[in-house]
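As they're listed, the protein sequences go chains A, B and C.
The first sequence begins at 1 in the working numbering and counts up by one.
The second sequence begins at 1 in the working numbering and counts up by one.
The third sequence begins at 1 in the working numbering and counts up by one.
Just so you know, these hints were derived from the structure itself, not from any lab.
Every residue, glycine too, gets a C-beta built ideally from N, C-alpha and C.
Incorrect hints may have been included.
Which bits of chain C does chain A cover? Going by a derived footprint, with three or more residues having C-beta under 8 angstroms, they are [to be verified]: (1) 16 to 29; (2) 324 to 333; (3) 503 to 517; (4) 579 to 591; (5) 698 to 708.
Cβ pair distances, simulated, as ranges [claimed, not checked]: (6) Asn-119/B with Ala-241/A: 50 to 60 angstroms; (7) Met-1/B with Asn-50/C: 43 to 53 angstroms; (8) Glu-442/C with Gly-151/A: 51 to 61 angstroms.
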Amino acid sequence: MSDLQVLTPRTLEEAVALLADDGAIAIGGGTSTAMMLKAGLLDVSTLVNLGRLALSGIAFADNGTIAIGGTTTIREIAASPLFAGSTSALTTAARVVGNPRVRAVATVGGTIVHGDPRQDVPPALLALGGSVTLASTRGTREVPLSEFFVGFMESACREDEIVTRIVIGQDHDHSAYVRFNPASEDDYAVVAVAASLALDATGRINSARIALGGAAATVILAEEASELMLGEKPSRDLWHAAANTAMRESDPTSDRRGSVEYKRQMVSVITERALTKLAIDVDNGLA
Amino acid sequence: MELRFTLNDEARSVQIAPDAMLLDVVRSLGLTGAKEGCGVGICGLCTLVVDDLPVSSCIYLAALAEGRSVWTVEGLVARDPSLLVAFVEQEGLQCGICTPGQVVAAYTLKREFPNASENEVREYMAGNLCRCTGYASITSSVLVYLENR
Amino acid sequence: MSAGRAGPRMDAESKASGSTKYVADIELPEMVYAAVTRSGYPHARIQSINTSAADEMPGVIGTFRASDLAVRPYGRAVRDIPALAESKVRYVGEPVVAVVASSRLEAERAAELVEIEYGMLPSATTPEDAVASGAPLVHEAASDYVGAVITPQQGGNLQSVVTVGSRAEVDAALASSAYVVDHVYQTQAVHHGYLEPHACIASWHNARLHIWLASKAPHPLKAQISASLNLDPSEVVIEPITLGGDFGGKGSPMEAPLCAELSRLTGRPVKMVLRYTDDLIATESRHPSRIRVRMGADADGQLTAVAYDVLLDGGAYGGYKPSPHVAIHSVTEPGCYLIPVFFAECRTAYTHTVPKGHMRAPGGPQMVFATESAFDELALEAGIDPIEMRRRNILKTGDVDAQAAARDPLELGPRQWQEYRSIETLDAAVAAMRDHTHEVPEGWLFGRGIAAYGRGTFSYGTTTIRLAPLPGERLRVEVPYVETGTGSHNMVRELVARALDYSPDEVEVVQVTTDDLSFDAGAGGSRITSVASYAVDAAVKAWRGRLGDEAVQVTIDETAAPPVGSFIVQVAEVAVDPATGQLKVLELISAVDVANVVNEKAHQMQIDGGVVMGYGFACLEDLDEADGQVWAANLGEYKLPTARDVPSLRTVLVPGGRGHGTANVKAIAESLTPPVAAAIANAVADATGRRLRRLPITSEAIFAALAGPVS
C-alpha cells in the first residue's frame with residue numbers, strides 16, 4: 001500500500017478534480033477509511049483529505065434553516081448552541097456518538113456517507129429533514145435527506161462527490177432522539193428513534209417525522225407512522241398507534257444486540273418513548 | 001511521503017508511508033507511551049492529542065497530522081506536572097498499560113470540561129478502558145487533577 | 001530512616017508518564033517480525049501450502065511451516081499444543097504458517113497471501129456434540145500426550161474427567177429429602193480482556209535463547225520452552241518484563257516456542273505481537289460450562305446432599321491448563337456449606353473451538369453462579385429466606401470440611417478450618433444493605449440478591465528472594481516473579497521496608513532473569529501475596545543473622561500455612577424495566593473478610609477490578625462462539641465494562657482475620673469475581689419472579705422470561 005497517495009487540496013475545485021479519478025476517495029476524519037485500510041479491505045490509490053477545505057461550520061441559513069458544513073465534526077455539532085430548541089434531537093444524538101475521540105475526528109459528511117444504520121446522527125438528521133449538497137466536477141446538486149440513505153453502507157453520495165453541506169429544515173417545533181442501550185452505553189443501540197413534530201394554531205399535528213436507527217438495512221423514515229399522526233392532536237393513544245405502526249415498518253436483522261423479534265418490539269417501545277419525550281416537552285413549553 | 005508537524009512542542013519532519021497511522025509514527029520516534037490495544041479506536045490505549053483534541057491514533061492517518069500539533073503522554077506530563085502528581089498520588093493504575101491513554105484523556109477532559117462532576121468524568125473517561133482497577137482510582141485521579149491548579 | 005511509611009506505588013510514575021516498557025515496546029538490534037496465517041476452519045486436513053506469493057512480498061525473509069520447526073508439542077500440564085498446525089487444524093484461528101519480515105506490517109500482509117488448501121472434516125464444536133458417541137475426534141490419541149490424564153478407555157473427546165464422592169449416595173439422600181432442586185446452569189466463553197495483546201521476542205545470543213514474553217510465570221516457562229525445544233534449561237534465559245494485565249491468560253508459553261524457532265532459523269531476534277482480534281479469537285478463553293446442580297434440604301432447610309454434573313468446553317487443546325489433572329479447580333468444589341453427602345463429576349471435553357485455559361478464579365464464576373443460584377432456588381422451594389438459609393448451612397470456624405479431598409491439587413483429606421469467617425462477613429454484608437428503592441425508575445421492578453463465596457489462601461510452590469545492600473544505605477530486593485499489575489513488587493517493598501526499618505523509597509524491588517534466581521511457580525492462584533510474605537519473613541531473618549554486609553538469598557519450598565481462607569458475601573440491588581427487560585444494577589456490595597492489608601489502594605483495586613470482571617461475566621461479555629468460531633472478534637463486539645457501565649460499588653472490609661506469615665495477609669486477587677453473577681441473578685429473580693440460568697443476563701432474556709410463567 002505504499003503506492004497510496006494522500007493529497008490535501010486547498011480548494012473545493014481542486015478536491016473534486018482529484019476525486020474525479022477512479023481509485024480516489026474522500027476522507028474527513030478518515031477513521032472508517034483507516035480501519036478498512038488496516039483490514040486490507042480498501043483498494044484505492046488516492047485519499048483526498050478534505051480537512052483543509054474550510055467546509056466546516058454551523059450557521060443559520062435562509063428562512064431560519066441551519067447549514068452544517070460537510071467537514072464539521074460531531075463534537076462541534078454536539079457543542080453548538082444553534083441546535084437548542086426545535087432541533088435538539090441532533091444535539092442529543094451527537095453527544096452520545098462513540099467516545100470523545102470519535103466525536104473529535106468524525107465529520108458529519110463522513111458519517112452520512114458511511115451509511116451504517118446503527119449510527120446515531122443519521123436518524124436525527126432524517127427526522128429533522130432537510131437536504132444534502134453534493135459537489136463534483138459536474139457542479140453541485142441537492143439531495144433531500146429522505147432520499148440520501150439508500151441501502152446498507154450505501155448513500156446517495158457518489159464516489160466522486162463531496163458533501164459540502166447539510167441544511168436542516170425548520171418545519172417542526174419539537175424533536176427528540178432516544179436510543180436503547182440496555183447493556184453497555186459504549187455500543188451501538190439495539191434500536192434508536194428520532195422524531196420531529198410541528199403543531200398548527202389549533203394544536204393539531206401538521207408535520208411529523210419518525211426515523212428509525214438500527215431497525216433496517218439503513219436508517220429509514222417510518223412513513224406510515226409519521227403520516228398517521230397528521231391532523232391529529234397529540235395524545236398517548238396516538239403515540240401508541242404510531243409506535244405500533246413504526247414497528248410494522250421496521251425490518252431489523254438479528255445480531256448480538258437482539259433477535260429480529262426483540263428489536264421489532266423495541267422499535268415500538270422506543271418510538272413511543274421518543275414521542276412521549278416530545279409531548280412532555282410540549283406540555284412544559286420546552287424542546 | 002514527508003510529514004511535517006509539531007510533536008510535544010518540537011517541530012519535526014519525518015518520512016512516513018502514506019497509509020501509516022499516527023500511533024506507529026509516534027512510537028517509531030521512541031515515544032512508546034501510547035500503545036496499541038484494540039486497534040479499532042475503542043479502548044483508548046492509543047489516545048494522543050492533535051490540535052487540542054483527543055484522537056484514537058491507531059486509526060488516525062499520520063498524513064492528516066500535517067501542519068498540526070501533536071502531544072503524547074510524555075510531553076503532556078512535562079507540560080503539566082500536576083497531571084502526573086494526581087495519578088501517582090491517587091494510584092490510578094495497576095498494570096499501567098491503559099494509563100498513558102487515561103492520562104492523556106484526563107488532560108483533554110480538563111481543557112474541555114474544567115468543572116466536570118464525577119458523573120461527567122465517568123462519562124468522558126468511559127472511552128478509556130481499564131481491566132485492572134475497576135475505575136474508582138482512575139476517576140479519583142481525574143477529579144484530583146481537575147482540582148489542582 | 002523512617003520505618004515503612006507507605007509511599008506512592010513504586011512503578012506509578014514510570015507507568016503514568018509512559019516510560020515503562022512492555023514487551024511490544026522493546027527493540028533489539030537486527031530484530032525482525034513474525035506474523036502467522038491462521039485456519040479459517042474448525043477441523044480440516046492441511047492438504048497443501050503454497051507460500052510463493054507471500055515469499056515475493058517486500059520485506060519477507062522467510063515463510064515457515066510445522067515441518068520446518070524442531071519443536072515438540074508443549075503445554076503447562078498436558079503437552080498437546082503444536083507451535084504450528086501440522087497435518088490438520090483443530091480450531092478457527094489456529095496458526096498454520098509463520099512469515100518473518102523486516103516489519104510487522106510486511107509480515108502480516110505476506111501472511112494474508114499464503115495459500116492453504118484444506119480438506120474439510122466433520123467437526124464437534126460444542127461439548128455436547130463432542131462427547132456424543134461417534135463424534136469426530138479432535139485428537140486421534142489424546143491419551144498419548146505427555147502429561148495426559150485421560151486414559152484410552154475413557155476415550156473420545158475428553159481432556160479430563162474428575163469425580164468426587166458417590167452418585168449413589170447422593171441419589172439416596174436426595175430421594176429422602178424434603179426439598180430438592182434440579183436445574184442446569186450455563187455460562188458462556190469470556191476472555192481475560194487484558195488490554196496488552198500477547199507479545200514475544202526471542203533472540204539467540206552466545207548460544208543461549210533469550211525470551212521476552214508477556215508472561216506471568218518465567219520459571220515454568222523456562223522449563224516448558226526447554227522441553228518443547230529439546231534444550232537444556234541452562235540454555236534458556238527468561239528476561240524480566242512488565243506485564244500489561246494477565247488474569248490467567250498469559251501463563252502458557254504462548255508464541256515463545258514458535259518465535260524461538262524462527263529466531264534460530266533466521267539468525268535474527270524475532271518479535272511477534274498479536275493484533276487484539278487474534279487474542280480474542282485464538283488465545284485461550286474461560287471454559288464455557290453446563291452445570292447440573294441437584295441440591296436437597298430437610299424440613300428445616302439443612303442441606304442434605306449436593307450433586308454436580310459438569311460439562312466444560314475445553315477447546316481444541318488442553319495444554320493451557322496448569323493443573324496436573326487438566327481440570328479447573330472450582331468445578332469439583334462444594335462451595336462454602338456443610339454438605340453431608342457430596343458428588344461431583346466434571347468432564348472437560350475437547351472441541352473444535354479456541355482452546356480454553358485459566359482465567360481469574362478458574363471454574364469459580366461458573367460454579368458459584370450455579371451453586372448460589374441453586375441455593376436460592378432451594379430456599380424458595382423450602383419457603384426460607386435466602387439469607388437465613390445461608391446462616392443455617394454455611395461452614396464456620398472450626399468446622400471440618402469433609403469435602404476437602406476434592407480440592408485439588410493442594411490439599412488432601414478433611415480440613416478443619418482454623419478460621420472461616422462466614423457468619424461475620426454475612427452479618428457485615430447484611431448490615432451494609434441500604435434502601436435503594438428511591439433510585440428505581442417509575443414502573444421498574446426492584447430486587448435484591450445475595451451470594452457467598454469462600455476461598456482458601458494458598459502459599460504453595462517454591463520461591464526465592466534475595467536482599468542485597470546498595471550504596472547510600474539502600475537495599476535491593478530481587479524477586480523471580482513478574483509484576484503483573486497487582487502491585488506485588490510494591491507490596492514486597494512495603495513488607496521489607498517495615499521489617500527492616502527502611503523508608504520505602506530506600507528499597508528497590510526488581511524482577512531478575514531466570515538465571516539469577518531459582519524456581520518460582522509464577523503468579524497464579526493468588527499465591528504471590530502470601531508466598532511472598534513467607535519469603536520476606538525468611539529473608540528478613542537471614543538478613544538480621546548476617547555476619548558481614550553480604551547479600552542474602554533464601555528459597556522456601558514449604559510454608560507452615562494455616563488452613564485459613566477469605567470469605568466474600570455480595571449483595572446486588574437491581575431494577576428491571578418490564579417494558580424492555582433492561583437490567584440496571586443499582587449497587588453491588590462486597591463484604592470481604594481480611595486480615596492485614598499491606599497496601600490499601602492496591603487491595604481496593606483488586607476488589608473493584610474483580611467485581612467489575614464479575615459484572616462483565618454476568619451481564620456484558622460474550623465471545624459469541626458459534627459454528628466453531630468466535631464471532632465477537634474485536635472490542636466493538638466484545639464489550640468490556642467501561643467506567644460508565646460499572647454499577648455503584650461498595651466495599652465493606654471485615655478486619656481481624658488470620659492470614660499467612662508475619663505480614664498476616666490473605667489472598668484477594670481472585671476472590672471477588674465468582675459470586676457476582678449469582679448475586680445479580682438472584683436479584684433479578686427477586687425482582688421479576690423469573691429465574692435466569694444462563695449467562696450473560698441480557699435484556700432480551702429477561703424480556704422473554706417476563707413473557708413466560710413465574711419460575
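Checked hints:
With 0 residues carrying a beta carbon less than 8 angstroms from a beta carbon of chain A, the segment 16 to 29 of chain C misses the three-residue requirement, and the given coverage is violated. Given a C-beta distance limit of less than 8 angstroms, the hint that chain A covers the segment 324 to 333 of chain C is violated, as 0 residues qualify and 3 are needed. Counting residues of the segment 503 to 517 of chain C whose beta carbon lies closer than 8 angstroms to any beta carbon of chain A gives 0, which falls short of the minimum of three for the stated coverage. Only residues whose C-beta sits within less than 8 angstroms of a C-beta in chain A count toward coverage, and the segment 579 to 591 of chain C has 5 of them, enough to reach three; the restraint holds.
Closer than 8 angstroms: that is the beta-carbon criterion, and the segment 698 to 708 of chain C has 5 residues meeting it against chain A, so the requirement of 3 holds. At about 37 angstroms, the beta-carbon gap between Asn-119/B and Ala-241/A misses the expected band of 50 to 60 angstroms. A beta carbon spacing of about 34 angstroms between Met-1/B and Asn-50/C contradicts the range 43 to 53 angstroms that was offered as a hint. Distance hint check for Glu-442/C and Gly-151/A: the Cβ-Cβ separation is about 40 angstroms, which falls outside the suggested range of 51 to 61 angstroms.
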